[in-house]
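Asks: What follows is the residue order along each chain.
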Amino acid sequence: NAGVTQTPKFQVLKTGQSMTLQCAQDMNHEYMSWYRQDPGMGLRLIHYSVGAGITDQGEVPNGYNVSRSTTEDFPLRLLSAAPSQTSVYFCASSSPPPGDYGYTFGSGTRLTVV
Amino acid sequence: AQSVSQHNHHVILSEAASLELGCNYSYGGTVNLFWYVQYPGQHLQLLLKYFSGDPLVKGIKGFEAEFIKSKFSFNLRKPSVQWSDTAEYFCAVMVNFGNEKLTFGTGTRLTIIP
Chain R
1 NAGVTQTPKF QVLKTGQSMT LQCAQDMNHE YMSWYRQDPG MGLRLIHYSV
51 GAGITDQGEV PNGYNVSRST TEDFPLRLLS AAPSQTSVYF CASSSPPPGD
101 YGYTFGSGTR LTVV
Chain A
1 AQSVSQHNHH VILSEAASLE LGCNYSYGGT VNLFWYVQYP GQHLQLLLKY
51 FSGDPLVKGI KGFEAEFIKS KFSFNLRKPS VQWSDTAEYF CAVMVNFGNE
101 KLTFGTGTRL TIIP
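Line order of the protein sequences matches chains R and A. Residue numbering for the first sequence follows this note's numbering, starting at 1 and increasing by one per position. Residue numbering for the second sequence follows this note's numbering, starting at 1 and increasing by one per position.
These are computed hints drawn from the structure, not numbers from a lab. Treat the hints with caution; some may be incorrect.
Pair ranges (Cβ atoms, derived) [said to hold, decoys possible]:
no. : chain 1 : residue 1 : chain 2 : residue 2 : range
1   : A       : W83       : R       : M19       : 17 to 27 Å
2   : A       : E15       : R       : A52       : 21 to 31 Å
3   : A       : I68       : R       : P98       : 20 to 30 Å
4   : A       : W83       : R       : D38       : 24 to 34 Å
The beta-carbon is built from N, C-alpha and C at its ideal position, and this holds for glycine as well.
Hey, can you work out the whole structure from these sequences and the hints?
Replies: Here's what the structure looks like:
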């Protein structure tokens, strides 16, 4: 059981470039989210989805797009990379509440924008 | 908006010492509370969660937490720590299922000295 898989693990971008961070889960979780982790700021929610075809903005959505065409995949797109987007990005998934609710996180993507 | 405070930024303990990490949140209504652990170089793992019922919750690896509504607190405890507990610990609160916004504290770095 792979859990939440994120690719790539590391990425360096130039300012203005675009890219997609991939996230896939094999637990049939309906809920998926993207967070960024910055030193001294904890984790902040970028976008989330409560099911295929349904997405919504989190706390820091500017500069990022998402889509959810399948239950398994939830890619995060950086439209025009900026140095302020240098961060570690985590994807997470969960079953709906209550029961087994509780997010499982992927191993992260470390992104540097130069 | 809700917020989470973890006042201990770095805690250093010797093996076998007892642990208590503080977590306070600001929100006047019903909350759902979580503790996550991030071992060096790894992703976040769910330690325990509280939705309702018994305010003393037990999690994995011998950790427990107590929800004290009057103090807006959800402190994490372990009676006897091990070197392998060296990690960063994050408290998180979710106000409403469905908006899926986990608000994280800034984390507490725990160092266990053998």
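Asks: None of the hints should be skipped; say for each whether it holds.
Replies: Now for the hints, and whether the structure bears them out:
{"no.": "1", "hint": "A:W83 <-> R:M19: 17 to 27 Å", "result": "violated, 39 Å"}
{"no.": "2", "hint": "A:E15 <-> R:A52: 21 to 31 Å", "result": "violated, 47 Å"}
{"no.": "3", "hint": "A:I68 <-> R:P98: 20 to 30 Å", "result": "holds, 21 Å"}
{"no.": "4", "hint": "A:W83 <-> R:D38: 24 to 34 Å", "result": "holds, 28 Å"}
Of the numbered hints listed earlier, those contradicted by the structure are 1 and 2.
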